[in-house]
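Protein chains in written order, with our numbering: chain A, 1 to 398; chain B, 1 to 442.
Keep in mind that the hints were calculated from the coordinates and are not lab data.
Do not take every clue at face value.
In the EDC-like style, the derived pairs of lysine to aspartate or glutamate whose C-alpha atoms are separated by at most 16 Å in a straight line are [to be verified]:
{"hint": "1", "chain 1": "A", "residue 1": "K296", "chain 2": "B", "residue 2": "E132"}
{"hint": "2", "chain 1": "A", "residue 1": "K122", "chain 2": "B", "residue 2": "E132"}
{"hint": "3", "chain 1": "A", "residue 1": "K99", "chain 2": "B", "residue 2": "E149"}
{"hint": "4", "chain 1": "A", "residue 1": "K382", "chain 2": "B", "residue 2": "E381"}
{"hint": "5", "chain 1": "A", "residue 1": "K122", "chain 2": "B", "residue 2": "E128"}
{"hint": "6", "chain 1": "B", "residue 1": "K118", "chain 2": "B", "residue 2": "D70"}
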Amino acid sequence: MRQTLAVLALGLSLALAQGKITVWTHFGGPELEWLKAQARAYEKTSGTKVEVVEVPFGDIKQKFILGAPQGQAADLLVTVPHDWLGEMARAGVLEPMGKYVTQSYLADLQEVAVEAFTFGGKLMGLPAFAESLALIYNKKYVKEPPKTWEEFLALAKKFTTGSTFGFLYNIGDPYFNFGFFRAFGANNVFAKDARGNLDPSKLLIGGEVGEKALQFIKDLRFKYNLVPEGVDYGVADGAFKDGALAMILNGPWALGDYKKAKIDFGIAPFPTPPGAKNPWGPFLGVQGVAVNAYSKNKTAAVNFAKTLVTGKNLVSFNQAGGRIPVSKSAVKALEKDPVVAGFSRVFPLGTPMPNIPEMGKVWGPWANAINLAIQRPDSNLKKIVEDMVAEIKKGIGR
Amino acid sequence: MKHPPGLKGFLLALSLLLGLLILSTGVGILGYLALEVYLAPPGWTILVLALLVLVPGAILIGRLFPWLTDWYYFLPALSFLLVFTLYPIALTVYLAFTDYSGRKNGFPDRSTETRVLKQEGPKLILEEPATEALRCNPCEGEPVEVYSEGHRARARILEAEGNTLVLDRTPPFQAAFVAKVNAFRFVGLKNFAFILSQANQALLPVFLWNVVFAASTVLLNALLGLILGLILNNKGLKLRNFYRTVLIISWALPGVITVQVFVALLNYNFGAINRLLGVLGIYPIPWLNDPDWAKVAILLVNLWLGFPYMMTATLGALSTIPDELYEAAKVDGATPWQALWGITLPLLEKPMVPILLSSFAFNFNNFYIIYLLTGGGPAQEGRLATAQATDILISWAYKTAFSAEGQSAYGLGAAISLLIFAITVAISLVNFRITGALREVK
Chain A
1 MRQTLAVLAL
11 GLSLALAQGK
21 ITVWTHFGGP
31 ELEWLKAQAR
41 AYEKTSGTKV
51 EVVEVPFGDI
61 KQKFILGAPQ
71 GQAADLLVTV
81 PHDWLGEMAR
91 AGVLEPMGKY
101 VTQSYLADLQ
111 EVAVEAFTFG
121 GKLMGLPAFA
131 ESLALIYNKK
141 YVKEPPKTWE
151 EFLALAKKFT
161 TGSTFGFLYN
171 IGDPYFNFGF
181 FRAFGANNVF
191 AKDARGNLDP
201 SKLLIGGEVG
211 EKALQFIKDL
221 RFKYNLVPEG
231 VDYGVADGAF
241 KDGALAMILN
251 GPWALGDYKK
261 AKIDFGIAPF
271 PTPPGAKNPW
281 GPFLGVQGVA
291 VNAYSKNKTA
301 AVNFAKTLVT
311 GKNLVSFNQA
321 GGRIPVSKSA
331 VKALEKDPVV
341 AGFSRVFPLG
351 TPMPNIPEMG
361 KVWGPWANAI
371 NLAIQRPDSN
381 LKKIVEDMVA
391 EIKKGIGR
Chain B
1 MKHPPGLKGF
11 LLALSLLLGL
21 LILSTGVGIL
31 GYLALEVYLA
41 PPGWTILVLA
51 LLVLVPGAIL
61 IGRLFPWLTD
71 WYYFLPALSF
81 LLVFTLYPIA
91 LTVYLAFTDY
101 SGRKNGFPDR
111 STETRVLKQE
121 GPKLILEEPA
131 TEALRCNPCE
141 GEPVEVYSEG
151 HRARARILEA
161 EGNTLVLDRT
171 PPFQAAFVAK
181 VNAFRFVGLK
191 NFAFILSQAN
201 QALLPVFLWN
211 VVFAASTVLL
221 NALLGLILGL
231 ILNNKGLKLR
241 NFYRTVLIIS
251 WALPGVITVQ
261 VFVALLNYNF
271 GAINRLLGVL
281 GIYPIPWLND
291 PDWAKVAILL
301 VNLWLGFPYM
311 MTATLGALST
321 IPDELYEAAK
331 VDGATPWQAL
341 WGITLPLLEK
351 PMVPILLSSF
361 AFNFNNFYII
371 YLLTGGGPAQ
381 EGRLATAQAT
391 DILISWAYKT
401 AFSAEGQSAY
411 GLGAAISLLI
421 FAITVAISLV
431 NFRITGALRE
441 VK
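Excised from the complex, chain A in its bound form (with noise of 0.2 Å):
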């Protein structure tokens, strides 16, 4: 009898989770408030109880990997960076898009988000705003943002006092240095082949390429004496918060608190480091929701996706956090917003983040190539560079 009881309850409690989404989103502060909002509007007109989880961005990609064929993932994630795809489309855990988006939609979405979002010839998410680092300043310190290399070494030597910094970044991260390996030659970390796909045998970052960009990084530390030890991207991103920074290296999320701390900043590129070749240029990232394809609930899911991302609704998540949208319509009417604008001016700098599954062989050895190089001014930048080809060969051929 018990029994029967228990197994009545349990699907009983099944059956009313049909009507409920869960939503897992890495947002926070003013962010999370407007998925929030989004959730309760979309909560009265369809009647789908939406519940939003919130996950550390960390965690994201693996818990839902592993979650996602168990029934133990969320419906809908808020959002994931375009560089997951290739490794979570091939886990299978992403629902195929292309079925569900109308050809206007897609007219209306920048073609570099488009291509980001596409794997294997699939649309696998649904892109919603564009990132990428930009040199952002504190217009309490610096007026007019350095063009040129001497110009910004004058600025940030300046304001490197004992109790304000002139420049600050999170260093021992390859994400923020890659603009250094491309302004020192790699176009982006693997180069392309025949018919434009990522080639995972041919890397750019090694070699000469590496050997330089590792110098100028150890340089800001050692020899330009600017990122002291001990900065991580919370030092970095506390003391801008705080005023006491004239110049960081940070992307659009940060701008939410920014904005909050009442810091008046201004957005522009990091100038051409010295004896380099090309000019500065980060990884340009695209972020979009992405659903779930063992998803008890596809439609309800797709629906509230959909709603995240029309035009309107990305005009007002900017407004929340300052994420740049890829709807066109979006970045037409935020014309004249100066974030929008200043990043406008950035992105053609960069090249998209591989998004093939390899680059998560990359990224270790390529962070403990960096963090070498910055550890001691008498580090042996060539053989770092040497062992990390070969630490990324290795794992790539296995």
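The hints should help you fit chain B onto chain A, whose structure is shown.
For chain B alone, kept in the frame of chain A given last:
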């Protein structure tokens, strides 16, 4: 029939019960998989099917072996053991010999999802050419999943030509889509070969530091704990309970939080500890940025976290030493120093050795302090990105499986875990042999 005596009876009962549990679970899962092709049963169908076998099976076995019925009280505990201990172990051993990973996980690859236009028996007409849509060349023998709303079935490709796909079985429903399955395979000892091929850059230095870390942690903590325990045990000490409470605080605070506070305190330029040293005129110490200092920092933080345990253990052991021994020593004219060396320390040895050994075993796999304090870093020249200056074996396995290699090299991670298991068993055996701890317990 009477209960068979001794170990034989115990093992017989255990294997009967485990066999019954495994059989019923197996029937449940297989039955579910068989049903899944025709209708979409909810997950608890497995439980119902398993109970349908378990209950009659238990009654039947109870008839055959009447003495076994007492053992049925063990069934709940055994099923927990089966699910949470035996199953993960068996899975780890199994995975260590496969190339299982996030990409090769046995689930269909949705980026190859292709619409099925027409279905005639095992023959499917696809929307696009099969080799391109399913990204397989040659396609023969590749596993695929065909599905439509609420149905799914697995099959293998027999033949692929143009838009036509011939499967080795007929799906029992009208298929709407087909996708290639990311099958994982047995790779034999390849994972182990990969680990050993990098032994110089990972296995050996990590193992060495792991032993040093566990041994020095135990020694330092035990030494400080012993000294403080001896001082606190002195009945003449005023405010004894106050000191005891204060000293135990670091043990009472959740380590997950204190370790992260230490990360901030130990920051090179912005941490309170280096600021304090600066006030004293000492150069800042690269606690977390230098491969050697990071090791020191780990030992010190672990000392802060671990000494109260040793102190409490010492106090407990001290209270078992009868006062008469000290009185007799006093009568014989022994100095307090002689009493310490002659009575206290020898009598402490017996209760403390098992504690030290278990503490060594615990610290040998003390993942969280490494992960939270340094994350295995800082980087060290000539080492892999997954095996940096302060990585111990378990954090190396974690980073290999979950943070490098595209965040999901589970096969490789499982192989490392097996190696760690072997190493831990070997070290424990040596430990027990040398100290004779096992013999004394008997």
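How the hints compare with the structure:
Between K296 (chain A) and E132 (chain B) the alpha-carbon distance is near 29 Å, which puts this suggested pair outside the 16 Å criterion. Distance restraint check for K122 (chain A) and E132 (chain B): the Cα-Cα separation of roughly 12 Å lies within the 16 Å cut-off, and the hinted pair is therefore satisfied. Restraint check for K99 (chain A) and E149 (chain B): the C-alpha separation of about 14 Å stays at or below 16 Å, so the hint holds. Distance restraint check for K382 (chain A) and E381 (chain B): the Cα-Cα separation of roughly 12 Å lies within the 16 Å cut-off, and the hinted pair is therefore satisfied.
Proximity of K122 (chain A) to E128 (chain B) is assessed by CA-CA distance (about 13 Å); at most 16 Å being required, the pair is judged to hold. Taking the CA atoms of K118 (chain B) and D70 (chain B), the gap is about 59 Å. The hint is violated against a cut of 16 Å.
Hints 1, 6 from the earlier list are contradicted by this structure; the remaining hints agree with it.
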